[in-house]
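Below, each chain spelled out in residue letters.
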Amino acid sequence: MDLRVEFAGLVLKNPIITASGTFGFGLEFSSFGDLKRLGGIVVKGLSLKPREGNAMPRIVETPCGMLNAIGIQNPGVEAFLKDKLPLLPWRETAIIANLYACSVEEFGDLAGVLSGEEGVAALEVNVSCPNVTHGGAAFGQDPAQITKATEAVKKRCGNKPVIVKLSPNVTDIAVCARAAEAGGADALSLINTLLGMAVDIKTRKPVLANVVGGLSGPAIKPVALRCVYQACRAVGIPVVGIGGIASAEDALEFITVGATAVEVGTANFLRPDQSFRIIDDLPRAMLKARAADMAELRGSLVLPGQ
Amino acid sequence: MDLRVEFAGLVLKNPIITASGTFGFGLEFSSFGDLKRLGGIVVKGLSLKPREGNAMPRIVETPCGMLNAIGIQNPGVEAFLKDKLPLLPWRETAIIANLYACSVEEFGDLAGVLSGEEGVAALEVNVSCPNVTHGGAAFGQDPAQITKATEAVKKRCGNKPVIVKLSPNVTDIAVCARAAEAGGADALSLINTLLGMAVDIKTRKPVLANVVGGLSGPAIKPVALRCVYQACRAVGIPVVGIGGIASAEDALEFITVGATAVEVGTANFLRPDQSFRIIDDLPRAMLKARAADMAELRGSLVLPGQ
Amino acid sequence: MVVRNCREVKVQSVRFLGTWDEASDFVELTLENPGWESYRPGQFAMLRPKHWGLELPWGRPFSISRLDAETLTVFFQVIGRGTSRLARLNPGDEVVVWGPLGNGFSAPPETPTLLLAGGMGIAPFRGYIENHPTPEFLRLFFAHRVPLANYPYLAMAEKVRAEAMQEHTPEDLPRIIERIRELMDENHGGIALACGPTPFMRTIQEHAVAGGLRAELSLEKSMACGVGACLGCVCKNGEGKHVQVCARGPVFQADAVQL
Amino acid sequence: MVVRNCREVKVQSVRFLGTWDEASDFVELTLENPGWESYRPGQFAMLRPKHWGLELPWGRPFSISRLDAETLTVFFQVIGRGTSRLARLNPGDEVVVWGPLGNGFSAPPETPTLLLAGGMGIAPFRGYIENHPTPEFLRLFFAHRVPLANYPYLAMAEKVRAEAMQEHTPEDLPRIIERIRELMDENHGGIALACGPTPFMRTIQEHAVAGGLRAELSLEKSMACGVGACLGCVCKNGEGKHVQVCARGPVFQADAVQL
Ligand SMILES: Cc1cc2nc3c(=O)[nH]c(=O)nc-3n(C[C@H](O)[C@H](O)[C@H](O)COP(=O)(O)OP(=O)(O)OC[C@H]3O[C@@H](n4cnc5c(N)ncnc54)[C@H](O)[C@@H]3O)c2cc1C
Ligand SMILES: Cc1cc2nc3c(=O)[nH]c(=O)nc-3n(C[C@H](O)[C@H](O)[C@H](O)COP(=O)(O)OP(=O)(O)OC[C@H]3O[C@@H](n4cnc5c(N)ncnc54)[C@H](O)[C@@H]3O)c2cc1C
Ligand SMILES: Cc1cc2nc3c(=O)[nH]c(=O)nc-3n(C[C@H](O)[C@H](O)[C@H](O)COP(=O)(O)O)c2cc1C
Ligand SMILES: Cc1cc2nc3c(=O)[nH]c(=O)nc-3n(C[C@H](O)[C@H](O)[C@H](O)COP(=O)(O)O)c2cc1C
Ligand code: FES
Ligand code: FES
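Protein chains in written order, with the working numbering: chain A, 1 to 306; chain B, 1 to 306; chain C, 1 to 259; chain D, 1 to 259.
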């Protein structure tokens, strides 16, 4: 069965991409499956300078999900290009850089650094980090900032496709989707995490040192699917669905409402080969949906009365 | 152990209230526990006229949660007052009416009908129903409408305390909380459901006839707790915490971040006596939190660095 | 056999005792009797194993298939997440049960009564036959897809006049429908009770309404609470009003419900 | 005993074989060996029963307590949602295992080696002792709260020089700390390996750093991935940089980590 998908100039073997922050730099998983089999890999969020991230504790398990407040710990974009990218199978699999910045200018600078890198297939612009108040949150929730950040990245990215990753913590996701499209985004990806919190009643302290964190995992799948559905109706550019995807069926739900590809995040923690297993299982799920290929399934949602 | 809580002129035996739409009119549960033991009962959403609600299917189970699109099916406020209220132990337990309307005027009218009813302890104003586009959604997401609806209810409610129930589907819950406070709300309750969706890939149809529905249950607890935390910091009026509460520990997490009482919703489906079991379990959980009474625990969250 | 009124319904935690055939997808699951003295066949129970945690927040509704002094039996097919976990219980595991729920079938004595079962719809009739005051007036018709050995049919056929038809191919369907209509016509003056998939029930409803025959239909909807509170399981009654299948049904007069 | 490099780590689904004492909260859990030929004591495994579904999305990390040709054993205490479910596995249940993970303790031959175990921190030393090339150079000190019979201590004490001290009341603590310091001083020139609760480790770290003694500490943090990808389990290294406990540890040189 042909599982290929094409969008924004990318050709992926299948629609399964690993989500930023949940698959490291890919190399951590090379003993659990052949990285070349993945549709793509979005690496951990990259900033201009190295970042140590937030204080510990940074993660907590919640019913069917988890909260994280990693705070974009990363070695910086230069170290990624020097130490990690050369080890990745970038000729065979789309390696997508995830850009984290706290200002429009920094986003532009990051795009400039990555624009000439042969091994980078596309840029994913994280305008939605809920963990860090300075910059991240403001960006993701303000349509004007989304447009500006997108424009800044588009101006400096060379010929790399630009995917803007949206936060769900907004009143109207369609407005944010259109804001990114207006800025020239080649595609959207969504959702990033929902802002959440947990308290340890024994100590009466927030479990996360950062107090609040991002909720991800199967718990949020219904919210993610709704957001992707709304975004797909709001814009003309391709959409990558993210949020709680743990099985091939889950992936196909997102494609049915209009996503072109999907990213698997928290499910990589169920077992480290989960993304590979989802790919293995795609043909079976496609038969269940009686879908000939991905293009036929995409956006084929049958609304009541149709 | 003294579990009493007082707020907005109400005195409750304990902080456990059953949430609207998940406990019917209370009577459905009278064989599973003594209704008089509950802190309070919020009845199913009431509208001026009877409503048939949405088409079927209306509910779907999701990981650690559920989606519903009941569409406020109810016999109308008059039928409630005539047929249900007299059967409830309203002298011993706070019976709280949940008001659903599609305009500011209707909210005022509903308050007018209920204002003189001895058996009604308080009014909960549902400005957040995500299921119905006409009216509900607009109200819950627009701070100006929240203020107006609150004012309209306050003007006509006689001496009944008014609790405004907020939707979490907004960019900034603090803004909505302050909007309700500005309208004269005596208390807030939150959260209502998160807007979500599910698709059956076999039929390629949305599982819910209404396409989208409200996500509730343990899955959303982290989001609810964060919203309650933010609302408690934003306003001076008491806050009732709602969202995913399934145990006494969960209830105490909400009280620790500042809630005065809580409502138990989807957990009533785990088993029909769950709210009674949570009350039974409160003293043990209070010991775990080393809390002397509810007032001492309320808002005692210890932030990092404190 | 008394109709239990709602106030007597209790939640109990009981032990799982075993299943009839561990390898099959058709599971006869036996629990300790939760202390119920009687029930009305057609009533159902909500089951939720204690160790389910939170992933599946709802109980699962099943027709009460048998009740005796010691045991409660339900008969189900593994179709999804809940039933596959129920089929893997270990002896001694605790199951939370609430019931008996709903209204149940009529059981008029000395009245020709036609039991129309489609597939898993056979479950409630097991106890119906065992508890009927005049079983000699009963007649069972069973339409099924998988082999008869998967169902408790044979034990039932020993007690009442019974016949079964298997749907091997879609072409068998018209013959089955024809036979149902014949039997309903023959049963004129009596009552027909039906439980099965929606198309099966629709056939029966149409024929009953058209012919003015007395019939009762047992409905299935996804259920969250099982006690009439959530309004998630409604169907339309004769006047087009939404009523809860769990509390006002699951059994409806054929002319008083829209399928 | 070779250090497995990361590329050899596999996810395997293996069968649960049994536990040592079904009624206890201290569980020695034995699984089929997932096909591992060797491991380095101090390394750990992530365990996730296949039937867990989605409620608990993370595996649970446990020190490898023993490994032989047929079996993999971990030793844990029931403390929360995951461990209580692990303690209730049924024989034949499948468990997904990934490992061996992390770096493990040094095992220099013919070197006086002091094993300092606090509570459940005894788990990795079981296999350490069994696999050491020169066990006569090992000495075990075990600080514990609950009775000794709950731990695999006695089996270990048969093989190496060992002593145990129980903390009955908080007043016992200074004596225990004193004894640890004495033993560490006596072991000067050798190496101390420690695993236990944070205050226990802090005592050892302080004494090692102050005295310039060679020591290794095995850390515990909540883990999601176990393979260095999520950055949820970090500690600060000597330079104050965040490093993953799962991938760069769990064993750290005492002077190269902040507790
Ligand atoms: C009153 C009543 C009596 C029933 N009696 C029987 C019986 O005796 N034997 C039997 O095999 N089945 C019976 N059913 C159907 C049975 O409840 C479902 O097959 C079962 O709930 C499926 O659960 P699942 O988790 O395996 O399926 P999933 O598809 O994983 O379940 C997802 C959700 O959908 C609901 N659901 C799925 N299919 C059905 C269905 N056909 N009817 C109602 N809800 C459904 C489930 O309850 C669950 O909430 C009855 C249903 C009702 C309402
Ligand atoms: C490398 C390593 C080796 C370990 N070896 C052992 C061992 O041999 N024996 C043993 O009894 N325990 C060991 N632990 C601790 C063990 O992993 C936890 O006790 C266990 O995960 C608790 O899970 P739970 O679901 O029962 O607890 P819950 O509190 O319900 O778990 C909630 C979450 O917190 C995490 N968590 C809670 N307590 C701890 C803890 N102390 N350390 C790390 N994460 C925690 C859990 O993994 C889970 O993700 C080890 C931990 C690590 C990191
Ligand atoms: C531990 C962790 C770290 C993450 N780090 C990033 C990040 O660096 N950049 C980013 O855009 N998203 C990050 N995310 C968000 C995920 O990429 C994804 O959008 C989100 O988790 C929802 O998908 P899921 O439910 O499949 O996990 C992170 C998520 C987790 C759980
Ligand atoms: C089936 C169902 C029906 C509901 N009906 C109403 C309603 O009529 N009015 C209202 O304000 N909230 C209604 N809610 C929302 C709940 O009262 C509650 O705010 C929400 O479910 C979150 O709490 P929970 O996670 O504990 O269920 C309904 C929820 C469910 C699940
Ligand atoms: S299942 Fe809740 S009303 Fe019927
Ligand atoms: S547990 Fe994920 S990095 Fe260590």
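Simulated from the structure, these hints should not be mistaken for laboratory data.
Here a beta-carbon is modelled for each residue, glycine too, at the ideal position from N, C-alpha and C.
Be careful, since some hints might not be right.
[As the list claims (entries may be wrong)] Capping the alpha-carbon separation at 25 Å, the derived lysine to any residue pairs in SDA-like fashion look like this: (1) Lys221/C / Ser30/B; (2) Lys288/B / Glu220/D; (3) Lys82/A / Glu220/D; (4) Lys236/D / Asp200/B; (5) Lys202/A / Thr198/D; (6) Lys236/C / Gln306/B; (7) Lys205/B / Lys202/A; (8) Lys205/B / Gly299/A; (9) Lys288/A / Lys50/C; (10) Lys50/C / Asp93/D; (11) Lys202/B / Met1/A.
[Unchecked claim] Just a sample of chain A residues kept apart from chain B, beta carbon distances all over 10 Å, derived: (12) Gly33; (13) Thr62; (14) Asp172.
Against the structure, the hints:
no. : hint                : result
1   : Lys221/C / Ser30/B  : holds (24 Å)
2   : Lys288/B / Glu220/D : holds (24 Å)
3   : Lys82/A / Glu220/D  : violated (31 Å)
4   : Lys236/D / Asp200/B : violated (47 Å)
5   : Lys202/A / Thr198/D : holds (18 Å)
6   : Lys236/C / Gln306/B : violated (58 Å)
7   : Lys205/B / Lys202/A : violated (45 Å)
8   : Lys205/B / Gly299/A : holds (11 Å)
9   : Lys288/A / Lys50/C  : violated (32 Å)
10  : Lys50/C / Asp93/D   : holds (19 Å)
11  : Lys202/B / Met1/A   : holds (18 Å)
12  : Gly33               : holds (24 Å)
13  : Thr62               : violated (5 Å)
14  : Asp172              : violated (8 Å)
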